Amino acid sequence: MMRLSPFTYLAPRTLAEAADLLAEHGRQTPTMVVAGGTDLFPNMKRRQQEPKVVIGLRGVPELRGISTDRDGWTLIGATTTLAQAARDPHLGQQYPALAHAAHAVSTPHLRTTGTLGGNLCLDTRCNYYDQSYHWRKSVDFCMKRPESNPAAICWVAPGSPRCWAVSSSDCAPVAVALRARFRLVSAAGERIVEAGDFFRDDGIEYLARRPDEILAQILLPPTDRSWRTVYLKLRRRGSFDFPILGVAASVKRGNSTVEDARLVLGAVGSAPVDATELAQSLIGAEPTTEAVDAVAAQAYRGARPLDNTDLNYAWRKKMARVYVRRALADAARLDLHHDSGQVGAALL
Amino acid sequence: MAETEAAMTERGRQLGASPTGRKQHLVLDVNGERVELLAPVHKTLLEVLREELDLTGTKHGCELGECGACAVLVDGEPILSCLALPIEYGAPEHRIVTVEGLAGAVPHPLQTAFAELGAAQCGYCTPGMLITAVALLDADPRPARATIVDALAGNICRCTGYVKIFKAVELASARMSG
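Protein chains in written order, with our numbering: chain A, 1 to 348; chain B, 349 to 526.
What the hints contain is simulated information worked out from the structure, not anything from laboratory work. Since we're looking at a predicted model, the values are computed, not measured. Even glycine gets a Cβ: it sits at the ideal position worked out from N, Cα and C. The reader is advised that the hints may include incorrect statements.
One side only, chain A facing chain B, incomplete, derived with CB under 8 Å [unchecked claim]:
(1) Pro6
(2) Leu10
(3) Lys45
(4) Leu110
(5) Thr113
Derived, one-sided and incomplete: chain A residues facing chain B with beta-carbon distance under 8 Å [stated by the list, open to error]:
(6) Met1
(7) Ser5
(8) Phe41
Bound conformation, chain A alone (with noise of 0.2 Å):
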């Protein structure tokens, strides 16, 4: 049996008190802020971490729904369930991608309880972390959760001074490719984070986020129908799985020609990877099969997937090619399959 270790836990009422609750017990002594569980409490019962304190944010109502401000901006509260975020009526219309991406999350139960918030500070995962602690102890433990070797390295890349733990958030590449920003509250005040300098790659201190520091809000800049904006999932089954690629595809179209062209690739590396300079060779020119497949081209020769997640790695090198040709060329409405081109044929 897995079971939980011991914690105390608290429920404020408002996002200010669970900010002082994090200031003063976060000081003296480990202390999580829960939202969901899904992905914190798995986590607990492996003893990857294990906060003393864990201060829950179900009974906040400020962190949850939905709502537009005066300039066009949507906010997501960072508790609102992924449920609720793939079936939002307005998340659909203005954001599909994103959408899209919470509906990928997991299975039906678990978006029903994991949120927004709780996706996009996804603890990183790898295939020799997330193991129970006997399996952990068995091989030694890794450098992302030491325990008492002082000598713990990292299991997939042994000579590397880092850790190589895997973003594996659906949300956090099309949060990225859509420019939003974070709202982080703590005891000391707010802060606007954007969305690219939220993630930090590295496996450990994978947030930019400060330990006394909360994720509330998840803003989203005003958008038009000239964007277009995809998001597509590589996994081995079509549920339960997180992403071993992700890849978020943005394009703004004019009359006929590509205006603006963002790619951010996910499950690659310890932050979302962006592109975007990659997909800006589309800029100006109206899209075509061969632009998209230079641009697929050149995203293949820069990814570097380890041996660290779900299935063959030089396989989801592959894959990473074939994946940002279909969402590229999905999002800039381009019909791949009234195209015979030669690079496509053999890649598809």
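Chain A is fixed; fit chain B onto it per the hints.
Below, chain B alone, put in the same frame as chain A:
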């Protein structure tokens, strides 16, 4: 334990904190009955249902949210009890229904259909399947096959191959709507 007791601030106490390891007074609405019990806050809803309330119909599967065997209804929606803290689902705000609460004087039509069609082999996943299907038929009395597949995408069965389960949901749906 003493260490975290000391860590409890005055503010935490005022907010009705549940201290480490100490048994808490819980009031739950389970299958329409108000039940009171004492359990430490870190015991999951699954553990409380099975070990404190003897409601062993809800199954221990993976206990990590990866199988669906422990699904129960909370306010009509299926959630995984292995990842739920009872303190977050107290009465009267929340109503919990387990597989024991499905049958009235006669079995629920889904239970009858599962039995008739052999939609259970070892039966371990069946309570989770039933609970999830009940929520589906409440929301959508005549679901298409694809909708049933989507709704049950969080419930793993290692015996049946799922087809008979889908058929049983369709049979129950037809009977309940007819």
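Each hint tested on the structure:
1. Pro6: 4 Å, holds
2. Leu10: 5 Å, holds
3. Lys45: 6 Å, holds
4. Leu110: The hint holds - Leu110 (chain A) has a Cβ within 8 Å of chain B, the shortest such distance being about 6 Å.
5. Thr113: 5 Å, holds
6. Met1: Since chain B brings a Cβ to about 7 Å from Met1 (chain A), closer than 8 Å, the hint holds.
7. Ser5: At about 7 Å, which falls below the 8 Å cut-off, the nearest Cβ of chain B leaves the hint on Ser5 (chain A) intact, so it holds.
8. Phe41: Constraint on Phe41 (chain A) satisfied, holds at 5 Å.
Of the numbered hints stated above, none is contradicted by the structure.
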